[in-house]
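Asks: Chains as they are written, first to last, in the numbering used here: chain C, 1 to 329; chain Z, 1 to 322.
Bear in mind the hints are in silico, worked out from the structure with no lab data behind them.
Each residue gets a CB set at the ideal place from its N, CA and C atoms; glycine is no exception.
Warning: the hint list may mix true and false statements.
Unchecked claim - Here are a few chain C residues that sit away from chain Z, every Cβ distance over 12 Å (derived from the structure):
(1) Val91
(2) Gly128
(3) Ala227
(4) Asp298
(5) Val299
(6) Gln329
Claimed, not checked - Some chain Z residues close to chain C (C-beta under 7 Å, calculated; not the full set):
(7) Phe102
(8) Val125
(9) Asp207
(10) Ala321
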Amino acid sequence: MSTTTMRYREAIRSAIDEEMVRDKNVFLMGEEVGHYQGAYKVSEGLLEKFGENRVIDTPIAECGFAGIGIGAAMTGLRPVIEFMTWNFSAVAFDQILNNAAKMRQMSGGQFNVPIVFRGPNASARQVGSQHSHAMEHFYAHIPGLKVVAPATPADAKGLLKTAIRDNNPVIFLESETLYTFKGEVPDEPDYTVPFGKGRVAREGKDCTIISWSRLLQVSLQAAETLAADGIDVEVIDLRSLRPLDEDLLIASIEKTHRAVVAYEGWPYGGVGAEIVDRLQRLAFDELDAPVLRVCNLDVPMPYNAALEQQVIPQANRIIDAVRQVSYRQ
Amino acid sequence: MKRREEGLEFFRQLLLIRRFEEESARAYSMGKIGGFLHLYIGQEAIAVGACAAIQKDDYAVTTYRDHGLALARGMPPGVAMAELYGKQTGCSQGLGGSMHFFHSETNMLGGHGIVGGHRPLAAGVAFASKYQGYPHVTLAFYGEGASSIGASHEAMSLAALWKLPIVFICENNQYAMGTPLKRHLSITDISLKADAYGMAKDRFVADDVFTVRDRIQAAVDRARSGEGPTLIEIRTYRFRGHSMSDPAKYRTKSELDAEKQRDALTRLEKQLLEDDGTKDQVAAIRETVEAEIAEAIQFAESSPEPGLELLEATTYDGDFAR
Chain C
1 MSTTTMRYRE AIRSAIDEEM VRDKNVFLMG EEVGHYQGAY KVSEGLLEKF GENRVIDTPI
61 AECGFAGIGI GAAMTGLRPV IEFMTWNFSA VAFDQILNNA AKMRQMSGGQ FNVPIVFRGP
121 NASARQVGSQ HSHAMEHFYA HIPGLKVVAP ATPADAKGLL KTAIRDNNPV IFLESETLYT
181 FKGEVPDEPD YTVPFGKGRV AREGKDCTII SWSRLLQVSL QAAETLAADG IDVEVIDLRS
241 LRPLDEDLLI ASIEKTHRAV VAYEGWPYGG VGAEIVDRLQ RLAFDELDAP VLRVCNLDVP
301 MPYNAALEQQ VIPQANRIID AVRQVSYRQ
Chain Z
1 MKRREEGLEF FRQLLLIRRF EEESARAYSM GKIGGFLHLY IGQEAIAVGA CAAIQKDDYA
61 VTTYRDHGLA LARGMPPGVA MAELYGKQTG CSQGLGGSMH FFHSETNMLG GHGIVGGHRP
121 LAAGVAFASK YQGYPHVTLA FYGEGASSIG ASHEAMSLAA LWKLPIVFIC ENNQYAMGTP
181 LKRHLSITDI SLKADAYGMA KDRFVADDVF TVRDRIQAAV DRARSGEGPT LIEIRTYRFR
241 GHSMSDPAKY RTKSELDAEK QRDALTRLEK QLLEDDGTKD QVAAIRETVE AEIAEAIQFA
301 ESSPEPGLEL LEATTYDGDF AR
């Protein structure tokens, strides 16, 4: 299988481009996606290729254009709605929660909403408390939505193509700090990655680190340090948060008997707590230690660079947690 | 001649909605309908006139006060009543209820429970028609109580910017739940908001279905010919409370009585009875409507309840994502 080296942002652009070529009902809408070429240059060149009817600049009105996407999806289109960052989806939350997620059920199955909401999620660098939210914890809670968070260019492309073809609303979480990250992306034109399938990013036998999006890279760094200490860590990249790959998690726990969940977001509730619940419920007899979570400190994100780094999970905190569950302090 | 036939048909629809709502209220008080029930009594001329101004393939989107529009759009009364009863034969299989009437056969796209939240969605339906090059127009109904919420502004701003084929119809029944117009809007002429978006506007009273139909028709024609959206404020009045739990103590009996003098149904019936060309048909229409309502209730009563297996299957298309 031939591959091409791509940055994460190029992989996303390539998925949008290919799906827009494949299906004329797919369009891209959002702030600065056209003439400006994308606030993070994800959509660079797409306006020139597809024109203003299909690459649509919006005013700053997330509730308005999220709702427009939903109405358009109910009547035959497949919108890709870009939030400049996921933080701004908060003002469109009612549209996503009450219209996108519930439409099919409250209409008795009559109306699907095949729409993708996408954009960068979680921390960037020193962008302060209102621009650093990890929004998966809000959205994965909602039945009717699917939530994916790729960590590599290959998964970014494959999952986005799957998302655009899905008949349900999909929350697609990117990462500003991953946009320049390079990786090999398969060339085959119909390359997709299925939802609900995680992958083993690093094999190991002593402990499982479960992660997604940007924290996968941090988890892999932690695993290298731990390997030097003689702890052989398995790292799982979930890729898809809803649906969640329970089988992969259980198979790994059956091997390692210990787990740490590493992610961005606050400790109260959320995806990490959901994973811990499933592990204790589905693999109780396999566990040799409580499952620990390494996540943001329980405070709004500070601007100060040093403090921000302490709030966000770093490799050293993941290493500490792995040692703790391995009883090797 | 045509006007007489139209008058009789309008009368039939007004009466069907009125009687449907009266029987819904009765069933509600007997505990056969649960949750919220927002009645359309007094406002029927708007839905009937509006639906007479559009074509089969056009779209309608409205608020939680949605029974009248669904019936005017052509939803069978039995299917509507079954939804209120929470039965599987209801328009939304008993999963939506009073506030969420959806009917793909008649392009009735809800039935929405968050004030103003459906207006961007309605603009999106119009966006899709324009994107696909279809000549369809979307009617987006809302109550004047939705005037201040952000979604309303964003929907009108974008619809005007992109000249979407949509008509925003403000059913101004003068009370946002229990708050009168002058206590929640600094400018009580709601149609003036159109000026801020460079949008066409109109404003009139809903005491005559022909007027409603003709005035909305002009806006629909503008939308269909690519001239963009119109904001129409139609002054109306609901004769019942906001919902079944509202005794409407915030308004006087004399005000209610005065408004009832403008009831489009009563006025139209009087006109039809005074006209030798139509007077003999009024009683027959009343009889037909009564039979239809009785049949609808019977259908709802005898229909099965939806089963638990319906829930996951309607939440996602395809496999459930857990």
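Asks: Run every hint past the structure and note whether it holds.
Replies: Going through the hints against the structure:
{"no.": "1", "hint": "Val91", "in the structure": "violated (8 Å)"}
{"no.": "2", "hint": "Gly128", "in the structure": "holds (23 Å)"}
{"no.": "3", "hint": "Ala227", "in the structure": "holds (34 Å)"}
{"no.": "4", "hint": "Asp298", "in the structure": "holds (27 Å)"}
{"no.": "5", "hint": "Val299", "in the structure": "holds (29 Å)"}
{"no.": "6", "hint": "Gln329", "in the structure": "holds (36 Å)"}
{"no.": "7", "hint": "Phe102", "in the structure": "holds (4 Å)"}
{"no.": "8", "hint": "Val125", "in the structure": "holds (4 Å)"}
{"no.": "9", "hint": "Asp207", "in the structure": "violated (32 Å)"}
{"no.": "10", "hint": "Ala321", "in the structure": "holds (4 Å)"}
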